[in-house]
Amino acid sequence: MAADIASQGTSSRTVSRRPANRLRRARFAHLVLGLLLICVSVISLTVGATDITLTDALGKIMRGEPLSRMERVVLLDIRLPRLAMGLCVGAALAVSGAVMQGLFRNPLADPGLVGVGAGAGLGAIGAIVLGSFLPVAFIDTFGNQLIPIAAFFGGWITTLLLYRVSTRNGRTSVATMLLAGIALAALAGALSGILVYMADDRQLRDLTFWGLGSLAGASWAKVTAAAPIILLSILAASFLGRGLNGLALGEATAAHIGHSVQRLKNGSILLVAAATGAAVAVSGGIGFIGIVVPHLLRLATGPDHRTLLINAALLGATLLVAADMIARVIIAPAELPIGIITAVLGAPVFLWILLRRRDLVDM
Amino acid sequence: MLDAYDITVSLGRTQILHGLGFRAQAGQLSAIVGPNGSGKTTLLRAITGDVPFGGSVTLNDADTRALKPWDLAAIRGVLPQSAVLAFPFTVIEVVRLGLQKGLSAAETDISMAALERVSLAHYADRFFQELSGGEQQRVHLARVLAQVWQPVQDGVPHWLLLDEPVASLDIANQLEVMEIARGYANAGGGVVAVMHDLNLTAMFADHVAILSGGRCLAAGHPKQVMTDAILSKAYGCKLQVNTPPHTDTTFVLPHTAQRV
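Protein sequences, first through last, are from chains A and B. Counted from 1, the first sequence has number 162 at position 162 by the numbering used here; the numbering is strictly sequential. Counted from 1, the second sequence has number 82 at position 82 by the numbering used here; the numbering is strictly sequential.
Hints are supplied without guarantee of correctness; some may be wrong.
Lysine to any residue pairs mimicking SDA-like chemistry, simulated, CA-CA at most 20 angstroms apart [unchecked claim]:
1. B:K238 <-> B:V252
2. B:K68 <-> A:L130
3. B:K68 <-> A:R263
4. B:K233 <-> B:A187
5. B:K68 <-> B:N36
6. B:K68 <-> A:F239
7. B:K68 <-> A:G258
8. B:K68 <-> A:R24
9. B:K68 <-> A:A252
10. B:K68 <-> A:N266
11. B:K68 <-> A:V261
12. B:K68 <-> A:G250
Bear in mind the hints are in silico, worked out from the structure with no lab data behind them.
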């Protein structure tokens, strides 16, 4: 039998205590965040411009009374798809942020950084401004889906271009990818700028609303288009945790400890493109969720991606639904673009984190 | 056995290694020495598969390029010269990163035992980034030890591939790390270490390969190959190898060195 090397030599300082297990705390957070998500979701269903409470509606259902037409429309066709979309988009943005940060080994990385957001934005702006030039038959067929589809492909094409530029001999250089991402984002931004100049007044209003992000256009059609992609991406992300942990040690060491680094990078990039593209497509550019959520979680429960990715999905979904609730009621019956709420709430929190924990943020 | 055969490596247009051969036996501590730029680290990086190379590397009779990353990780751990770490992991979490499977109590025990082996168990809950450079290097050694904890498993030797393992350590810790490597080899594992310190090499190595200009100048037992002539030729300066009375080891004193 092989000798255990612990038995050779002596250790001068031996401790018997067990180290604190942050993993256990992070797993407990699954439960807490899950409950929080349910609470916020239920509240969100009862809050809105129309005065319908969930208890009334549930009471009617329990007593076997039919809901009024108004209640059915508000709850089932307006609030429920909006809630579902908020949950999906929030989870997608937070998980994409966490995966991207793990991939780039940089806590400030975000899908916006590598041009996925800008590419999706270009697609959407192109659809808004140039959509009227398309054949009528095409518009009739795709109708409201045109912007989401264009945004999705914009994000996807940007990612493929980025990948093409930064991968040589099957190896992706993260540094090249970051720089290429900045260049592609600038290019997409410039092209978007040209389109904005071409836009008429009505289109400009659409552009502004889309650019700030909103869940106002939520519909079951959009939910069914985006949700499967987002849910699949989150499911796939849950298998990347261990690999992203290894990647924190650098690509070479990640390979030394047994991770298939190229496959890990491919998977992460595809997943982020799919989730971000789908989210941006249905909701526009909603900032800060992708950076703030993983950050808060790392501070609270540690950087272990095996739990971080799941917690990010839960907290991202919760925060976005909460932000949407605020956006809907703060100037009711009108509503604010949700991107304003997430920026107003997210940016100060982010700055506060930077000030408080500069030592950890530098890492 | 680790057998690197006819290794050529080019970085850009510069050829770093010119058809170099290197062998290491399990149960031995094999050192790779040579002046700066002689290709020591590049040879190790070819062995670990970090750089594209010509020739072949076999580990326990298997071609390393044919093995999957996780199969390789099960039989050899690699300590890089300097290791980075993103995100605020604690010391014990860093050591656990080297473990392959899920977190069981037994694996926590291995992680703690590995930390105890490098005398850093009392830092288990500290943030890795709060440690000094030398301590961080020892934490990484603990991670590598945890990865291939058994020097021999089911008759198959495991390997430690160490790139300048004592570079940033004080003299006491240099000795501790070399003793850990020595102990791993004594227990049947294989150890390959890129070394700068000729005295520690003479003290601890069973086998030494002296590199110069991307070629192997000499290889064998330190006493046979660490001679005045070979070392002087390799390092391009006059060096004198001494043996103190009543001892078994040789040493090379810096002040005896004269530039040619």
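Verification of the hints:
no.: 1; hint: B:K238 <-> B:V252; in the structure: holds (11 angstroms)
no.: 2; hint: B:K68 <-> A:L130; in the structure: violated (50 angstroms)
no.: 3; hint: B:K68 <-> A:R263; in the structure: holds (12 angstroms)
no.: 4; hint: B:K233 <-> B:A187; in the structure: violated (35 angstroms)
no.: 5; hint: B:K68 <-> B:N36; in the structure: violated (32 angstroms)
no.: 6; hint: B:K68 <-> A:F239; in the structure: holds (18 angstroms)
no.: 7; hint: B:K68 <-> A:G258; in the structure: holds (8 angstroms)
no.: 8; hint: B:K68 <-> A:R24; in the structure: violated (31 angstroms)
no.: 9; hint: B:K68 <-> A:A252; in the structure: holds (14 angstroms)
no.: 10; hint: B:K68 <-> A:N266; in the structure: holds (17 angstroms)
no.: 11; hint: B:K68 <-> A:V261; in the structure: holds (11 angstroms)
no.: 12; hint: B:K68 <-> A:G250; in the structure: holds (19 angstroms)
In this structure, the earlier hints numbered 2, 4, 5 and 8 are contradicted, and the remaining ones agree with it.
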